[in-house]
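Chemist: Sequence:
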Amino acid sequence: MSKETLDIQTNSGRGYWRSLDDLAQSSEFQARLEREFPSEAAELRDPVTRRSFLKLMGASMALSTLAGCQFAIKQPQEVIVPYVRQPEQVIPGRSLYYATSMTVQGYGIGLLAESHEGRPTKVEGNPDHGASLGGSDAWIQASILTMYDPDRSQQVLNAGKPSTWADAAAALAAAAKSAGSGIRILSEPNASPSLGAAIAALTSTYAGTKWVQYDPISGDNAVDGATQALGAATNVVYAFNKADIVVALDSDFTHSGATAIRYSRDFADKRRITAAKPKMNRLYAAEPTPSHTGTMADHRLAVRAAEIASLTDAIAAGVGVAGVAAPALDEKASAWVKAAVADLKANAGKSIVITGETQSAAQHALVLAINNALGNLGKTVTFTAPVAPVATGNAGLKALVDEINAGAVSLLIISDANIVYNAPGDIDVKSALAKVATVVHHGLYADETSEGAAWHINGAHYLESWGDSRAFDGTAAIQQPLIAPLYEGKTLLEVVAALSGNTSANGHDLVKAYWKTALGTDGYAFDKEWQIILHDGTVKASAAAPSTATLSGAIASTATPAAEGLEIIFRADSSLRDGSAANNGWLQEVPKPITKLVWDNAAQVSPATAKSLGVVATDVVELSFQGRTVKAPIWIVPGQADNTVVVHLGFGRTKAGKVGDGVGFNAYALRGSDNLWHGTGLEVKKTTETYKLATTQEHTNLEGRDEDIYPTKTLADFLHPEHHEGHKKHEIISLFPEYDYSKGYQWGMQIDLNACNGCNACVVACQAENNIPIVGKEQVLVGREMHWIRIDTYFSGDVESPSIYQIPVACMHCEHAPCEIVCPVAATVHDDEGLNSMVYNRCVGTKYCSNNCPYKVRRFNFFQYVDEETPSLKLQRNPDVTVRVRGVMEKCTYCVQRINEARIDADRERREITDGQVVSACQQACPSQAIVFGNINDASARVSQLKALESKFTMLDPLNTKPRTSYMIRLTN
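At position 245 of the sequence shown the residue is numbered 377 (the working numbering), and the sequence of numbers has no breaks.
Calculated directly from the structure, the hints in this document are not laboratory data.
A portion of the hints provided could be inaccurate.
Said to hold, decoys possible - Result set (DSSO-like, lysine-lysine): computed pairs, CA atoms no more than 27 Å apart in a straight line:
#1 Lys648 / Lys672
#2 Lys1094 / Lys845
#3 Lys672 / Lys644
#4 Lys254 / Lys644
#5 Lys1084 / Lys374
#6 Lys254 / Lys672
#7 Lys411 / Lys470
#8 Lys511 / Lys342
#9 Lys787 / Lys909
#10 Lys988 / Lys845
#11 Lys1084 / Lys875
#12 Lys875 / Lys1094
#13 Lys411 / Lys1084
#14 Lys562 / Lys402
#15 Lys530 / Lys470
#16 Lys845 / Lys511
#17 Lys1079 / Lys875
#18 Lys562 / Lys309
#19 Lys374 / Lys511
#20 Lys477 / Lys530
#21 Lys909 / Lys845
#22 Lys845 / Lys672
#23 Lys374 / Lys411
#24 Lys309 / Lys409
#25 Lys402 / Lys470
Claimed, not checked - Listed next, with one range per pair, are the computed distances between beta-carbon atoms:
#26 Ala569 / Thr649: 56 to 62 Å
#27 Thr750 / Ala298: 49 to 55 Å
#28 Asn373 / Thr680: 18 to 24 Å
#29 Thr649 / Asn973: 55 to 61 Å
#30 Ala467 / Val961: 23 to 29 Å
#31 Asn373 / Ser563: 22 to 28 Å
The C-beta atom is built at its ideal place from N, Cα and C for all residues, glycine as well.
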């Protein structure tokens, strides 16, 4: 990016633009887009670069380092085919599904895990679980790769040397007896009922034992705020499916936290427009940097994080919260608040005001007071008793370190809490750990925190271990394994049992015994109920009952005078989150929203801030905050608040594994315990260095008018089309004879842009389902990423506060497919059901099809990205999908393997394929249910009904390619 690009202040009448370089239309940008396969995309000739590339491929996707390791002999021999006695229901070639659950930021998410011949290959949301309703996210979808990660810890270590679980368990029991009241357990937040009961029992045996729960990206502020406002610990639940007006104050509620999947679905349900429901909700969002939720806003305001409190005060004063005065605001903020307050008052009892976990506890308390003044409590804002132990959070970590320094801790169990890496920079955790007599580390990885531990106990993945969980609404679910622990790993529940002296206990018996007591049944009655729970995945009637709560007193203003200087803002990375999954290549390579950065983080600034600092994108700067300094590359983000610098957590790992080590910079090192999320006083110093960042934002260039790529309308214009009768589309006549698609199954897809928030769940789900490899940063830099579906981001308006639009793009399966007519070997052809199919063994790699595709959705294997020789690779791959080789083109297949599975079932049962029987991987993963797939020849099918709506459009319609994928137009209210 050149300095001249930063001089662009508005779009000068232009419509959509993809980046600031696109907006400036620099000669460099134009030249870069001239060729789909740029000339600088040379072969990897440098031996060092090639060696590092091959190491990456072997480590993350191919998992080649597993060959010859203990993995092959750790599996119980009785489950390796051929079976001596074939298990009931296991039919080679047919997948089975098991209900289980995964803990995310302390709360459970109900899942269905797919198994092929005894090995899990894919996970989906459980439709019967209240926290997922069948949806998932990128983090959940990528968790399957973490299970097969060859860099996982594979054995127990004692002082760095191999040992056994039996020795570790005996040592734990002995250490607990001698530790007395000096036992401390440090873990991530966990709402597991059986674990909570086990720790309570341990505490009764060893008085003084404490359980400290620490999550560097937790929602402690929301919990503390509810306690302040209501006088007691209370769980707050928002009903977005009942709210006509939503005001989000620095809250990314559709993407952040354990409630995001459910909230994304509920929010999207209120935005769907049909003939029977011509009404949608309205979203106001104020935030310092564009978020998933913010891009969906009808009215978005870019403000510094510290100024959110002033906006909240202004809203509180506007709706009549006693004791709060309206502060002075600038013109833009005043207009935004005035409109929001008017809508809130007009929709009292049918609105929600929500603030994010990055805002203070006092801010959360004031927001509850606002909802109370609006009459939302008990309607769109409800309460339950706490469903999880109250997390001690950052205060608990500080108190633990103080206890250690005071000599009060003699035995410390650390489970999946990488505090040496992710603790605030002003807490010297490493020095404190050296003072503890016995430190036991437990986790999936021998990470940064494990280095100083006397014992390291390798952990078990959730898909290979027994456990349980509670969702944010209290719903209890059982975590049941699909495979025996690959490396004989243990759960925290088993570690706690060993501390209590029960060194031979296993997870299954511990969990089952807890629920036998909790359910109050025995014998046959319990066994029957237990089987139902395992089948359904949830414990019936276990959701927390709604409770009543009232404000405990007057709520004070939260605003303080804004401090001068640059503001630093810390955010959890949208893919890696806290960094615990930094060794997961799928999450490293999935493009971030808005920036589309991969394999790195950056110091993000607005165009105006970049200009005032004298920096351009990829310049390296020194960030100094409260005496702590790190180096970071600059990235410029349209729509970000001025005088703010946003850094994302989760990068800069040193012991993540071969894939995650050395990727990005560690923003935790800048963080202070008193400024966990934002603070002023940041100093930025430009260096002479530059750093190459990989972004996919400009890798595809669709030639067409704005309205042909991403048409938008206001709700008013959509509901009154007579205002635009002169803009009706003309019928396009083709010179080619038309194929008769009116018979048989004809497959098509519909994507609702009013529901899609660009969360990337579909991208990673497609990767998991279709054996799509990662390629590494160097290959992404030259445009060789392999994702079959991408999320394109478009901006419109001025660079300070543009409108932001996101659209999923995959193969359109065009009836008039431009790719088919240019392939010299008929490797891409149309079948009689409308699928644009790839015949991989015909493809000779001319790339003509990709050049002729106007949607730029085809992917070419420039290298052998996948290792076909490693036997362990078969465990992770989907056996129903062909693994591609070097020199072959590939693309979205509409999940033809799922279509064929449904066809086989229908033929066996002598019936037609029913609507909803075929669900594509992207559709199944989508938390907001924005994607619908089915037979468009079935008039009763949901996809047919959606395609019949007036709001439907096809991308680049004037080209007359007749895509089978269509979209619902993006409406703003």
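Chemist: Give a verdict on every hint.
Modeler: Now for the hints, and whether the structure bears them out:
1. For a cut-off of 27 Å, the pair hint linking Lys648 to Lys672 stands: about 14 Å separates their Cα positions.
2. A distance of roughly 23 Å separates the Cα atoms of Lys1094 and Lys845; the hinted pair therefore holds under the 27 Å criterion.
3. Distance hint between Lys672 and Lys644 is fulfilled; the C-alpha atoms sit about 16 Å from each other, no more than 27 Å.
4. At most 27 Å may separate the alpha-carbon atoms for a hinted pair to count; Lys254 and Lys644 meet this at roughly 26 Å.
5. Pair hint Lys1084 plus Lys374 holds up; C-alpha atoms about 26 Å apart against a cutoff of 27 Å.
6. For the hint pairing Lys254 with Lys672, the CA-to-CA distance comes to about 25 Å; that is within 27 Å, so the pair holds.
7. For the proposed pair Lys411 and Lys470, the alpha carbon gap of about 22 Å is at most 27 Å, so the pair holds.
8. Annotation: proposed proximity of Lys511 to Lys342 is violated, straight-line Cα distance about 38 Å (limit 27 Å).
9. For the given pair, Lys787 sits about 19 Å from Lys909 by alpha-carbon distance, which is consistent with the 27 Å threshold.
10. Pair hint Lys988 plus Lys845 holds up; C-alpha atoms about 26 Å apart against a cutoff of 27 Å.
11. Taking the CA atoms of Lys1084 and Lys875, the gap is about 23 Å. The hint holds against a cut of 27 Å.
12. The straight-line distance between the Cα atoms of Lys875 and Lys1094 is roughly 17 Å, inside the 27 Å bound, and the hint therefore holds.
13. Restraint check for Lys411 and Lys1084: satisfied, since their Cα atoms lie roughly 17 Å apart, inside the 27 Å limit.
14. A threshold of 27 Å between alpha carbons decides the hint, and for Lys562 with Lys402 the separation of about 49 Å lies outside it, so the pair is violated.
15. For the proposed pair Lys530 and Lys470, the alpha carbon gap of about 41 Å is over 27 Å, so the pair is violated.
16. Between Lys845 and Lys511 the alpha-carbon distance is near 31 Å, which puts this suggested pair outside the 27 Å criterion.
17. For the hint linking Lys1079 to Lys875, the alpha-carbon distance of about 18 Å falls within 27 Å, and the restraint holds.
18. Proposed proximity of Lys562 and Lys309 is supported: the alpha carbons are some 26 Å apart, at most 27 Å.
19. Between the alpha carbons of Lys374 and Lys511 the distance comes to roughly 8 Å, so the proposed pair stays at or under 27 Å and holds.
20. Using a Cα cut-off of 27 Å, the hinted pair Lys477 and Lys530 is violated, with the two alpha carbons roughly 42 Å apart.
21. With a C-alpha separation of about 38 Å, the suggested pairing of Lys909 with Lys845 is violated against the 27 Å cut-off.
22. About 44 Å separates the Cα atoms of Lys845 and Lys672, which puts this hinted pair outside 27 Å; it is violated.
23. Between Lys374 and Lys411 the CA atoms are separated by roughly 13 Å; this keeps the pair inside 27 Å, and the hint holds.
24. A distance of roughly 65 Å separates the Cα atoms of Lys309 and Lys409; the hinted pair therefore is violated under the 27 Å criterion.
25. This hinted pair checks out: Lys402 and Lys470 have alpha carbons roughly 23 Å apart, not beyond 27 Å.
26. Roughly 35 Å separates the CB atoms of Ala569 and Thr649, a value that falls outside the hinted 56 to 62 Å.
27. Distance hint check for Thr750 and Ala298: the Cβ-Cβ separation is about 53 Å, which falls inside the suggested range of 49 to 55 Å.
28. The supplied range of 18 to 24 Å is met by Asn373 and Thr680, whose beta-carbon atoms lie about 21 Å from each other.
29. The given range of 55 to 61 Å is respected by Thr649 and Asn973, whose C-beta atoms sit roughly 59 Å from each other.
30. At about 56 Å, the CB distance of Ala467 to Val961 disagrees with the hint of 23 to 29 Å.
31. Restraint check, Asn373 to Ser563: a C-beta distance of roughly 50 Å breaks the suggested window 22 to 28 Å.
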